[in-house]
Structure formats: structure tokens, C-alpha cells
Amino acid sequence: MAWYPFDSSIEDESVNSFNLCTNSISYTDGRHGDVGGAFLGVYGGDLLTSCSPNDSWTDEISYALWFQPFNLESDPYPSGWFALITMDGWNHDSFGTLISDFGEECETGHIRVRTSWPNNQWFADCGEIDTGHWHHLCVTGNEESSSVFLDGELLFSSQHSAETTFTEVPFEWTVGASARSHTYQFKGAIDEVGIWNRALTEEEILALYNAPAPTPGCTDWNAD
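FYI, the numbering for the sequence shown is 1 to 224, going by this note's numbering.
Source of the hints: derived by calculation from the structure; they are not laboratory data. One thing to keep in mind: the hints can contain errors.
[To be verified] Quick list of simulated restraints, FRET-style, between CB atoms: (1) SER158 to HIS182: 20 to 26 Å; (2) ASN71 to SER8: 22 to 28 Å; (3) ASP125 to ASN19: 17 to 23 Å; (4) SER17 to THR108: 19 to 25 Å.
Ideal Cβ placement from N, Cα and C applies to all residues, glycine included.
Please put together the full structure from these sequences, using the hints given.
Next up, the structure:
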């Protein structure tokens, strides 16, 4: 549905042309070492948000991205949580993922990965994430359940409440921050962001993780 390789550009390379908008942007090296191949998130920077796309969510969703944390120290406000991607911010009816070493302790070398779902639901678990290293996240689910994959492996699965409805979530997204209430701006590099209006299979998720180069990310994506 949308694919952002961030090759010094914020254009959507899928057929839908859901481009991103921002007042200013910085780039850093991509996960393949390509100069200017990744979005650089900084505290206090301009938000990188979809340019008013005209569509709606279905009853399934998947999103995936590569991320490299540079700094997980808490900023002055609001907390030590950092957004990788959010759909309609971080509120009652939203999708998204935050990471943090704040709050409940994880074992050494692990931090909390927390996903948000409509009807004010969130789920979290500890994953092995190192500052300065690239990691792959994929979240996939429907109105009944969801799964989170970190570096190609299942991190946790969750069951949603019977009242969960995806269609209530506004059709928009922000990369590396939240556009509603607190910003939770991620401090690091983000590359190869994909959003799908269907649930990806485990084989497709593993193919994304193992892909040696950017893979086109629209609804006709395949793992070949």
C-alpha cells in the first residue's frame, strides 16, 4: 500500500503515491551503508507525516521498518518512550509502536516494544535491541489479534477485545514520532518503511528481514 525506501526522498514508491510531508528533513546512511539512504529522527525536529492520503483502513494491517537507535536516553518531555511509527498518534483509536528502556525493567540488552491498537489497547514485551545497530520490526494483525516480529522472529502475539474496529482510525501515519498529543520523537535512523492493508504471512515477514536490497512495498508485493 505504501513503501518508503528513503533514498534521499520521502516519496511513496508504491502505485498509490502516498507521499510524506514535512517542513524540513535530515538523512543519514541507510541500512545498506548508502549515503542519505535513511531518515534521521531527532528530538525537536519537524514531523514526517503522510500528506492527507485519501483512503481508509481495512480490517487487516501490517507495517514494517528498519530502525537504528542512536540514543534512548529520556528527553525533557514527555518521557523515555520513542515512536517508530504511529497512525493517528498515540490515543484511544490508533495503531503504532513505541520502544523504551523506561518503566518495567527488561534484562540487560533488551528494551520494551509496545504496540497500540484501537479501543485503547496496548501490548508490550522485551526485545533484544542495541543502540547503534539496525533492527527490523514488523507488526501485523486484524481486528481479532496481532503479532510483533523483531529481526525476523516472533516477539509476542496478542488477542484484541471484541470491540476492536480498525475503520475508526483516521487514515494517516507519522514516521519516527506521534502527530497527536506527545511527539515521542525517535532519535536515530529509520529505513525501508512499508505499510500494507492486509496481514503479511510469516514467510513474507522473513523475506523482508532477509532482503538484501529495498523491496517494492505495495499490495502486489511478493516474497520472490
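Hints, verified against the model:
Distance hint check for SER158 and HIS182: the Cβ-Cβ separation is about 23 Å, which falls inside the suggested range of 20 to 26 Å. Range check, ASN71 to SER8: about 23 Å between beta-carbon atoms, so the 22 to 28 Å window is met. The given range of 17 to 23 Å is broken by ASP125 and ASN19, whose C-beta atoms sit roughly 33 Å from each other. Checked against the hint of 19 to 25 Å, the pair SER17 and THR108 fails, with Cβ atoms roughly 44 Å apart.
Hint compliance for this structure: hints 3 and 4 are broken, all remaining hints hold.
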